[in-house]
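**Student:** Residue numbers (my numbering), protein chains in the order written: chain A, 6 to 493; chain B, 6 to 493.
Mixed in with the good hints, there may be bad ones.
Since copy identity is lost for identical chains, a pair holds within one copy or between any two.
Claimed, not checked - No more than 30 Å apart at the CA atoms, straight line, and that leaves these computed lysine-lysine pairs for DSS-like:
| # | residue 1 | residue 2 |
| --- | --- | --- |
| 1 | K358 | K215 |
| 2 | K312 | K433 |
| 3 | K407 | K481 |
| 4 | K481 | K344 |
| 5 | K210 | K270 |
| 6 | K468 | K481 |
| 7 | K288 | K119 |
| 8 | K28 | K68 |
| 9 | K487 | K344 |
| 10 | K423 | K288 |
No lab work stands behind these hints: they were computed from the structure.
2 protein chains.
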Amino acid sequence: MNKNLQIYNSHSGKKESFESINKGFVGLYVCGPTVYNYVHLGNCRTFISFDLVYRYLQHLGYKVRYVRNITDVGHLESDADTGEDKIAKKARLEEVEPMEIVQQYTINFHETMKRFNNLSPNIEPTATGHILEQIDLIQKIITNGFAYEAEGSVYFDVNKYNKSHAYGSLSGRKIEDLMNNTRDLDGQQEKRNPLDFALWKKASKEHLMKWPSPWSIGFPGWHLECSAMSTKYLGESFDIHGGGMDLKFPHHECEIAQGTSANCKDPVNYWMHANMLTLNGKKMSKSADNSILPEELFTGKNKHFSKSYNPMVIRFFMMQAHYRSTLDFTEDAINAAEKGYNRLFDGLELLQKVKTSDKSSESVEILISAFYAAMNDDFNAPILVANLFNAVKFINHINDGKASISSQDKIQLDKAMKDFIFNVLGLKQDTEIKSSKLDSLMDIIVDLRKQAREDKNWATSDKIRDGLQKAGIQIKDNKDGKTSWSSH
Amino acid sequence: MNKNLQIYNSHSGKKESFESINKGFVGLYVCGPTVYNYVHLGNCRTFISFDLVYRYLQHLGYKVRYVRNITDVGHLESDADTGEDKIAKKARLEEVEPMEIVQQYTINFHETMKRFNNLSPNIEPTATGHILEQIDLIQKIITNGFAYEAEGSVYFDVNKYNKSHAYGSLSGRKIEDLMNNTRDLDGQQEKRNPLDFALWKKASKEHLMKWPSPWSIGFPGWHLECSAMSTKYLGESFDIHGGGMDLKFPHHECEIAQGTSANCKDPVNYWMHANMLTLNGKKMSKSADNSILPEELFTGKNKHFSKSYNPMVIRFFMMQAHYRSTLDFTEDAINAAEKGYNRLFDGLELLQKVKTSDKSSESVEILISAFYAAMNDDFNAPILVANLFNAVKFINHINDGKASISSQDKIQLDKAMKDFIFNVLGLKQDTEIKSSKLDSLMDIIVDLRKQAREDKNWATSDKIRDGLQKAGIQIKDNKDGKTSWSSH
Numbered sequence: 006m007n008k009n010l011q012i013y014n015s016h017s018g019k020k021e022s023f024e025s026i027n028k029g030f031v032g033l034y035v036c037g038p039t040v041y042n043y044v045h046l047g048n049c050r051t052f053i054s055f056d057l058v059y060r061y062l063q064h065l066g067y068k069v070r071y072v073r074n075i076t077d078v079g080h081l082e083s084d085a086d087t088g089e090d091k092i093a094k095k096a097r098l099e100e101v102e103p104m105e106i107v108q109q110y111t112i113n114f115h116e117t118m119k120r121f122n123n124l125s126p127n128i129e130p131t132a133t134g135h136i137l138e139q140i141d142l143i144q145k146i147i148t149n150g151f152a153y154e155a156e157g158s159v160y161f162d163v164n165k166y167n168k169s170h171a172y173g174s175l176s177g178r179k180i181e182d183l184m185n186n187t188r189d190l191d192g193q194q195e196k197r198n199p200l201d202f203a204l205w206k207k208a209s210k211e212h213l214m215k216w217p218s219p220w221s222i223g224f225p226g227w228h229l230e231c232s233a234m235s236t237k238y239l240g241e242s243f244d245i246h247g248g249g250m251d252l253k254f255p256h257h258e259c260e261i262a263q264g265t266s267a268n269c270k271d272p273v274n275y276w277m278h279a280n281m282l283t284l285n286g287k288k289m290s291k292s293a294d295n296s297i298l299p300e301e302l303f304t305g306k307n308k309h310f311s312k313s314y315n316p317m318v319i320r321f322f323m324m325q326a327h328y329r330s331t332l333d334f335t336e337d338a339i340n341a342a343e344k345g346y347n348r349l350f351d352g353l354e355l356l357q358k359v360k361t362s363d364k365s366s367e368s369v370e371i372l373i374s375a376f377y378a379a380m381n382d383d384f385n386a387p388i389l390v391a392n393l394f395n396a397v398k399f400i401n402h403i404n405d406g407k408a409s410i411s412s413q414d415k416i417q418l419d420k421a422m423k424d425f426i427f428n429v430l431g432l433k434q435d436t437e438i439k440s441s442k443l444d445s446l447m448d449i450i451v452d453l454r455k456q457a458r459e460d461k462n463w464a465t466s467d468k469i470r471d472g473l474q475k476a477g478i479q480i481k482d483n484k485d486g487k488t489s490w491s492s493h
Numbered sequence: 006m007n008k009n010l011q012i013y014n015s016h017s018g019k020k021e022s023f024e025s026i027n028k029g030f031v032g033l034y035v036c037g038p039t040v041y042n043y044v045h046l047g048n049c050r051t052f053i054s055f056d057l058v059y060r061y062l063q064h065l066g067y068k069v070r071y072v073r074n075i076t077d078v079g080h081l082e083s084d085a086d087t088g089e090d091k092i093a094k095k096a097r098l099e100e101v102e103p104m105e106i107v108q109q110y111t112i113n114f115h116e117t118m119k120r121f122n123n124l125s126p127n128i129e130p131t132a133t134g135h136i137l138e139q140i141d142l143i144q145k146i147i148t149n150g151f152a153y154e155a156e157g158s159v160y161f162d163v164n165k166y167n168k169s170h171a172y173g174s175l176s177g178r179k180i181e182d183l184m185n186n187t188r189d190l191d192g193q194q195e196k197r198n199p200l201d202f203a204l205w206k207k208a209s210k211e212h213l214m215k216w217p218s219p220w221s222i223g224f225p226g227w228h229l230e231c232s233a234m235s236t237k238y239l240g241e242s243f244d245i246h247g248g249g250m251d252l253k254f255p256h257h258e259c260e261i262a263q264g265t266s267a268n269c270k271d272p273v274n275y276w277m278h279a280n281m282l283t284l285n286g287k288k289m290s291k292s293a294d295n296s297i298l299p300e301e302l303f304t305g306k307n308k309h310f311s312k313s314y315n316p317m318v319i320r321f322f323m324m325q326a327h328y329r330s331t332l333d334f335t336e337d338a339i340n341a342a343e344k345g346y347n348r349l350f351d352g353l354e355l356l357q358k359v360k361t362s363d364k365s366s367e368s369v370e371i372l373i374s375a376f377y378a379a380m381n382d383d384f385n386a387p388i389l390v391a392n393l394f395n396a397v398k399f400i401n402h403i404n405d406g407k408a409s410i411s412s413q414d415k416i417q418l419d420k421a422m423k424d425f426i427f428n429v430l431g432l433k434q435d436t437e438i439k440s441s442k443l444d445s446l447m448d449i450i451v452d453l454r455k456q457a458r459e460d461k462n463w464a465t466s467d468k469i470r471d472g473l474q475k476a477g478i479q480i481k482d483n484k485d486g487k488t489s490w491s492s493h
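Make a model of the complete structure from these sequences and hints.
**Tutor:** Shown next, in the form of structure tokens:
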């Protein structure tokens, strides 16, 4: 097994050799969704990207503990600790209890992840499920002198922290520049410095989701939950923290500050960020009417694409771009991916059937090691896909008699291709397609039966009848001359 | 709409007219699973029974808030507050973090519920997500004088409570009898009375799941979570509390004591209990090798049944017994249910096709009102099913020319049958079946194509080729004379 894995560390800005803290084990934390709406396609790309990471680490033999949270409280509309809680606002608009919003969109999120064939994380903690852990973390940060209470809320003291640590080191921002870019906002008077962020917010009377704490009845700040839950389940320092590029600042910057000030150590060894999606060349945006939900892609009910796509085709399409590159959703590009997806599975199917020879005309070992080389280079899925197509070309040549493969090499190549296609890229052949094809096939059969009867070809019509009976399909000629069928 | 709903209240021991606390709204709480193992079939029956309740209440026009918890901490091996935490024990055996056990079996639970076509509850709270609410509840009970602290643990004072309230009223047990039946167990020395139950348990050093509290670092008692969560999401008094018969004592008895002593009111208006399952006449029991998992029923991989069953057939089978009756799983009974299931859907399909007349020979209104009468009589699904079969008989008679139906009545009956079959009973026609049939149909088509080619019947073989192309199916003649196909 080839373990020369290189990971691009967003914190250092370069590729680094991956070494896990505990040999053979990896702790992986990824920021999950705020469940107040249908998960959008950009988020899906992030979760698919880290599903690839999770799968490849496991393929390399690591025992991975993958933690991805559900944000069900504390994510306010504005990063400046103002505005309504996103979930509570939706609950108010829909006149339900906030936890009903959480349930509805958590279910949608899980269903969408499943359609994309993402593996479930090992632990999926919720922010409301870790209020005590968050309170405990705040107390540590206060004790260490990096947070202060004001009017029942607790804020992180960014200036104080920056004196001994480098605030902004992940996102490459300088505190002076940040300061110059802040405006005085309402509700910020309690802060010593506009850059300070809330660890605990005192709740107003109308506020729906709130808990007792040493400072007030209130709720935790959004940045806090990930620090509390990653520490609880992965330790004070862990291996890999992932998330979307948009979370780098302020969310991940604040996580580093919280973890470092609470535990006096850097919480994360490797930071990874997945890049954004565009739709037809433009930023996805609901307000600009340039956005699409996963479900709308799968059903074809949208105004951006003329047909529907299988989730596996979309996943394959995403795999054809590196996770750190932006990816543009266009009809031409996805149609091309669809062809590629079919070509890949056709190649794999063909491999099962090709004849073997005494010797291979090409080195299968080199073909396979290229799969590893691609993935070891910062999970470069598009290069992996290109290398898989090299294998498909080889298979086609074998089939055409232009190349040869030994039986042992055939077994090796088959295993490696299946490993990388199914287990690493997380693709699968779609069974859903089958269901919709049943009607088309029955149309053909009903038509052939009609023809046979008209031709008085009783042998054929009997054959059809017997075959359908065996398949458990009842066929019935109605009085109106039409034929119907049922499949009990 | 007929709203004369009668519910058998386990607390009073009789059927009562249902009146909800808030007109038009119903609060429904059902004890969910302890997620330390695959959900067993008996639990499934309970959740399917309350899915029926949830569905019918909604059909009657109620806006239902259905809360079903996930027990992820505090459920000890013994009801006497001793033994290991069930989840922590499994985590120790499997050498993982307890929350990994929770995640694994919560996913299995959700998947199984989905296969049975159970609707998701509106809120699915977890015990670990409500530690603060549980601490708050304990404080209320202590303040009201019904609980005491001992060595960092807090116990409910059953004797004290029984002086002013009737402990045992739900399960019909007398405290004197209970006292006579208790033995002195290890770890019970802190209790004033062996019947007292833990609200909070001080954790040992090795204990994995623990939180700070005013009394100790520890964990909540199992009975407490349901009181805390039902109060939080449904109020201090709510309409319906359901669960399996095995939870009546001590779990539900303790819930009544907790709620009453904390809030000075009876927490629940209607208690409902679903009865148990047997397998081939005997109690299901893993240790006696007389048990079966839902998955084993669906795959047929088990030693009790000679074939596999569709989840909808199992659901239909369960609907043929009243939820308060025991139900025996036998091969003959399920096979009979399978036939009934098919007969019901055949009848519904036939209804779409029958010719209408000027007048109906039977009163459709009476047929439909019988559906309501059955369900209004304490959710009597088996009577509903019998009444649906009366409708099927009528449909068959129409088809045979022995009865007639007007076009308006046909529309009415169709709507009512679909409402009760799909929305109330929660049955659906299976699409999974379709997928497996695809192969059989392709066998027929490939065979017909071969025959046509042998007969030099090019018109037919062209027709097949065109039909398959339209269906998106590629057919390929291999060198070995066999024909393969792929459906991209």
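**Student:** A separate judgement is required for each hint: does it hold in the structure or not?
**Tutor:** Status of the hints after comparison with the structure:
1. In the homo-oligomer, the alpha carbons of K358 and K215 never lie at most 30 Å apart, since the shortest distance is 63 Å inside one protomer and 57 Å across protomers.
2. For the identical chains of this complex, K312 and K433 are neighbours both inside a copy (21 Å) and across copies (28 Å), given an alpha-carbon limit of 30 Å.
3. Taking the shortest Cα distances, K407 and K481 sit within 30 Å of each other only across copies (20 Å), while inside one copy they are farther apart (51 Å).
4. In this assembly of identical chains, the alpha carbons of K481 and K344 lie at most 30 Å apart only when taken from different copies (18 Å versus 39 Å within one copy).
5. With identical chains, the CA atoms of K210 and K270 are at most 30 Å apart between copies only, with a shortest distance of 26 Å across copies and 38 Å within one.
6. In the homo-oligomer, the alpha carbons of K468 and K481 lie at most 30 Å apart both inside one protomer (16 Å) and across protomers (22 Å), since each shortest distance falls under that limit.
7. Proximity of K288 to K119 under the C-alpha cut-off of 30 Å is restricted to the intra-copy arrangement: shortest distance 26 Å within a copy versus 36 Å between copies.
8. With identical chains, the CA atoms of K28 and K68 are at most 30 Å apart within one copy only, with a shortest distance of 10 Å there and 54 Å across copies.
9. With identical chains, the CA atoms of K487 and K344 are at most 30 Å apart between copies only, with a shortest distance of 26 Å across copies and 37 Å within one.
10. Taking identical chains as interchangeable, the C-alpha atoms of K423 and K288 are never at most 30 Å apart, the minima being 35 Å within one chain and 45 Å between chains.
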